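Heads up: the sequence lines are chains A and B, in that order.
If you're matching positions, the first sequence starts at 48 in the numbering used here and goes up one per residue.
If you're matching positions, the second sequence starts at 81 in the numbering used here and goes up one per residue.
Everything labelled a hint here was simulated from the structure, so no lab data went into it.
Here the structure is a predicted model, which is why all the values come from computation and not from measurement.
Watch out, some of these pointers could steer you wrong.
[Claimed, not checked] Pairs of lysine-lysine residues, derived as DSSO-like cross-links and limited to a Cα-Cα distance of at most 30 Å, are as follows:
#	chain 1	residue 1	chain 2	residue 2
1	B	88	A	395
2	B	272	A	331
3	A	149	B	129
4	A	377	B	82
5	B	88	A	147
6	A	395	B	272
[Claimed, not checked] One side only, chain B facing chain A, incomplete, derived with CB under 7 Å:
#	residue
7	99
8	157
9	295
Even glycine gets a Cβ: it sits at the ideal position worked out from N, Cα and C.
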Amino acid sequence: MFINVSNNLPRDISGCGISGFINTNGRRSSGRACVDSICMMRDRGNGLGAGFAVYGAYPEFRNYYAIHIIYQDNKAREETEEYLSTKLSIVQRGGIPTKKTKNIQSRPLFFVYFGKPRAQSDVAEIDEFREDQEDEFIVRLAMKINENIKGAYVISSGKNLGVFKGIGFPEDIAEMFMIDDYKGYCWIAHNRYPTNTPGWWGGAHPFSVLDWSVVHNGEISSYGINKRYLEMFKYNLNLKTDTEVISYLLDLLVRRHGLSLKEAALAFAPPFWTQIEKMNTDQKNKIEKIRRIYGSAMLNGPFAILVGFKGGLMGLSDRIKLRPLVVGQKGDTTYMASEESAIVGVVKELDRIWSPNAGEPVIAKLKPAVSARLFGKSNKTVRV
Amino acid sequence: MKTIDANKLYYKILNDQIHDAVDSGYRNIAINNVYGQYYIGDGLMQPVKIDINGIPGNDLGIFMDGPSIYVHGDAQDGIGNTMSGGKIVIDGNAGDVLGYSMRGGRIYVRGNVGYRTCIHMKSYKDDFPIVIIGGRTGEFAGEYMAGGVLVILDLFSEINTYDCNFIGAGMHGGIIIVRGKVNSDSLGREVKVTSLLQEDLLQIKEYLFEYCQELNINYNNVMKSRFTKIISATNRPYKNLYIDGFLH
Numbered sequence: 048m049f050i051n052v053s054n055n056l057p058r059d060i061s062g063c064g065i066s067g068f069i070n071t072n073g074r075r076s077s078g079r080a081c082v083d084s085i086c087m088m089r090d091r092g093n094g095l096g097a098g099f100a101v102y103g104a105y106p107e108f109r110n111y112y113a114i115h116i117i118y119q120d121n122k123a124r125e126e127t128e129e130y131l132s133t134k135l136s137i138v139q140r141g142g143i144p145t146k147k148t149k150n151i152q153s154r155p156l157f158f159v160y161f162g163k164p165r166a167q168s169d170v171a172e173i174d175e176f177r178e179d180q181e182d183e184f185i186v187r188l189a190m191k192i193n194e195n196i197k198g199a200y201v202i203s204s205g206k207n208l209g210v211f212k213g214i215g216f217p218e219d220i221a222e223m224f225m226i227d228d229y230k231g232y233c234w235i236a237h238n239r240y241p242t243n244t245p246g247w248w249g250g251a252h253p254f255s256v257l258d259w260s261v262v263h264n265g266e267i268s269s270y271g272i273n274k275r276y277l278e279m280f281k282y283n284l285n286l287k288t289d290t291e292v293i294s295y296l297l298d299l300l301v302r303r304h305g306l307s308l309k310e311a312a313l314a315f316a317p318p319f320w321t322q323i324e325k326m327n328t329d330q331k332n333k334i335e336k337i338r339r340i341y342g343s344a345m346l347n348g349p350f351a352i353l354v355g356f357k358g359g360l361m362g363l364s365d366r367i368k369l370r371p372l373v374v375g376q377k378g379d380t381t382y383m384a385s386e387e388s389a390i391v392g393v394v395k396e397l398d399r400i401w402s403p404n405a406g407e408p409v410i411a412k413l414k415p416a417v418s419a420r421l422f423g424k425s426n427k428t429v430r431v
Numbered sequence: 081m082k083t084i085d086a087n088k089l090y091y092k093i094l095n096d097q098i099h100d101a102v103d104s105g106y107r108n109i110a111i112n113n114v115y116g117q118y119y120i121g122d123g124l125m126q127p128v129k130i131d132i133n134g135i136p137g138n139d140l141g142i143f144m145d146g147p148s149i150y151v152h153g154d155a156q157d158g159i160g161n162t163m164s165g166g167k168i169v170i171d172g173n174a175g176d177v178l179g180y181s182m183r184g185g186r187i188y189v190r191g192n193v194g195y196r197t198c199i200h201m202k203s204y205k206d207d208f209p210i211v212i213i214g215g216r217t218g219e220f221a222g223e224y225m226a227g228g229v230l231v232i233l234d235l236f237s238e239i240n241t242y243d244c245n246f247i248g249a250g251m252h253g254g255i256i257i258v259r260g261k262v263n264s265d266s267l268g269r270e271v272k273v274t275s276l277l278q279e280d281l282l283q284i285k286e287y288l289f290e291y292c293q294e295l296n297i298n299y300n301n302v303m304k305s306r307f308t309k310i311i312s313a314t315n316r317p318y319k320n321l322y323i324d325g326f327l328h
């Protein structure tokens with residue numbers, strides 16, 4: 048949004064910026080507001096990563112998984128497509144539309160495939176890829192590609208969801224992917240300032256698997272513990288950035304283990320033992336259980352995250368609030384961002400604006416009728 | 081009177097314009113359409129009055145020593161970072177780490193503030209920072225505080241007992257004054273509650289009066305209540321982390 052910006056900063060402000068919003072009536076809007084919002088916090092990044100996740104991006108293919116993949120070269124693409132053709136029935140495929148952008152000199156190839164798992168041909172394959180467990184099938188497929196095919200990375204794999212990300216400032220990435228042309232009912236965006244992991248195309252945020260997408264400001268000091276824990280459940284971490292663990296932990300805890308989103312938030316940012324001591328017995332038992340069972344899923348270190356999920360948007364900060372998070376509400380739209388200015392700069396006359404407490408998840412959910420319309424009545428959404 | 085339209089103005093350009101205006105003799109500056117520009121008022125030493133319409137960005141009033149800044153609305157994080165003198169009045173809520181390493185001057189906030197208010201605030205000789213919050217603070221208020229006064233008025237809640245975890249965690253100097261009682265579970269390990277002395281009240285009375293005037297709050301109503309004083313239990317809480325006899 049700011050113009051005439053010089054790249055010659057006297058001081059690196061840094062810190063990463065996150066922003067997102069959801070319309071709980073499922074009304075889709077262009078990415079403009081989201082781009083403007085994240086660009087108001089331009090100085091929180093340094094041009095080494097930005098990205099957007101759009102829920103509601105592909106209504107015409109909403110019953111198919113939209114697999115977004117980046118390729119280093121055509122060889123990686125050919126190899127991946129050959130592999131994909133044995134695993135998926137693909138109804139539509141193509142390059143993700145991009146446009147030449149002055150500030151982006153080199154870039155990988157971007158492709159999208161809309162498809163469903165296809166029946167496996169031999170027993171060994173069936174054992175690994177069960178067609179009837181569609182979601183699990185897609186997660187395994189993404190893991191296999193990321194791990195085994197050189198120069199190919201699955202960027203997102205949800206339904207009606209697209210992730211667009213890369214190296215650049217948010218306005219560059221938005222321009223390159225023509226983000227204004229997409230419409231979504233929920234948007235999340237990130238402006239990156241990488242601190243201890245490389246700035247590369249796959250390491251930009253959002254991180255996404257199935258319908259989960261995560262943008263993150265902070266650093267996960269517990270990355271090693273979280274990674275080893277996830278590996279026990281066959282998640283392979285190949286994207287070289289701490290945030291990757293959050294999307295897989297959500298998939299494990301909520302989709303596979305059936306925790307509610309709030310319970311997962313408790314595992315990520317549990318109260319201190321001294322605080323647990325003061326709780327009533329029911330609360331205490333529940334939290335003690337979560338801390339005992341999911342100790343390895345706790346996210347240590349400073350973080351503020353936005354999580355897009357099937358049917359909603361969640362904001363969460365670490366338990367001692369080492370990173371900022373602000374939430375605004377206007378009518379049926381909920382906004383979340385690192386800075387208040389990034390909300391009031393794009394929407395006037397909010398009904399309410401506040402900073403949630405440390406470790407307190409803020410969840411905005413699509414209305415049930417909207418959920419039923421978008422996902423079908425039998426297709427269950429995430430339990431909050 | 082100088083008016084600056086900050087709409088879509090990059091923070092560095094905005095701050096250059098403010099400095100230019102002050103250097104060319106303006107003593108009243110109004111800045112409109114402020115949306116998150118950082119460092120407004122940075123390092124200014126002159127007694128200028130700056131009115132901010134919109135929402136100023138992080139580190140408002142950083143290093144400043146003299147100006148009076150009025151924010152007509154909310155403000156963000158890090159207000160008064162390492163500020164030495166002057167005054168910031170916020171007619172709304174403010175974010176985390178307000179008064180971070182502040183060493184002099186006053187910050188007055190009508191509403192609530194975020195986490196770690198007055199972290200590392202300090203005083204030295206005549207430099208004595210005062211922060212008065214009309215609403216509530218987030219957790220860790222006065223963390224590692226070494227000097228000055230933080231006053232929490234909690235004017236908008238119905239409950240008379242202030243409850244907010246880790247007040248004064250790691251604090252080793254200065255005072256925190258809370259209107260009403262304080263839940264003892266809320267205190268950090270390094271602080272204790274003592275009775276408020278007449279001299280403490282005298283020390284802050286003129287500032288409370290100024291606070292009430294600036295923000296149009298009834299002073300007599302505020303003073304009717306009882307206050308709780310929180311100070312560090314020892315002036316060297318981390319003594320056991322060092323080996324006696326060594327120079328540090």
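To see whether the hints hold, each was checked on the structure:
For the hint pairing residue 88 (chain B) with residue 395 (chain A), the CA-to-CA distance comes to about 16 Å; that is within 30 Å, so the pair holds. Distance restraint check for residue 272 (chain B) and residue 331 (chain A): the Cα-Cα separation of roughly 28 Å lies within the 30 Å cut-off, and the hinted pair is therefore satisfied. The suggested pairing of residue 149 (chain A) with residue 129 (chain B) is violated, with an alpha-carbon distance near 42 Å, which exceeds 30 Å. Pair hint residue 377 (chain A) plus residue 82 (chain B) does not hold up; C-alpha atoms about 34 Å apart against a cutoff of 30 Å.
Only pairs whose Cα atoms come within 30 Å are accepted, and residue 88 (chain B) paired with residue 147 (chain A) is accepted, the gap being roughly 25 Å. Proximity of residue 395 (chain A) to residue 272 (chain B) is assessed by CA-CA distance (about 45 Å); at most 30 Å being required, the pair is judged violated. The criterion of a C-beta within 7 Å of any C-beta in chain A is not met by residue 99 (chain B), whose closest approach is roughly 13 Å, and the hint is violated. Below 7 Å, beta-carbon pairs count as interface contacts, and residue 157 (chain B) has one with chain A at about 6 Å; its hint therefore holds.
Here the hint on residue 295 (chain B) is broken, as its CB sits about 20 Å from the closest CB of chain A, past 7 Å.
The structure fails hints 3, 4, 6, 7, 9 (numbered hints given earlier, in ascending order).
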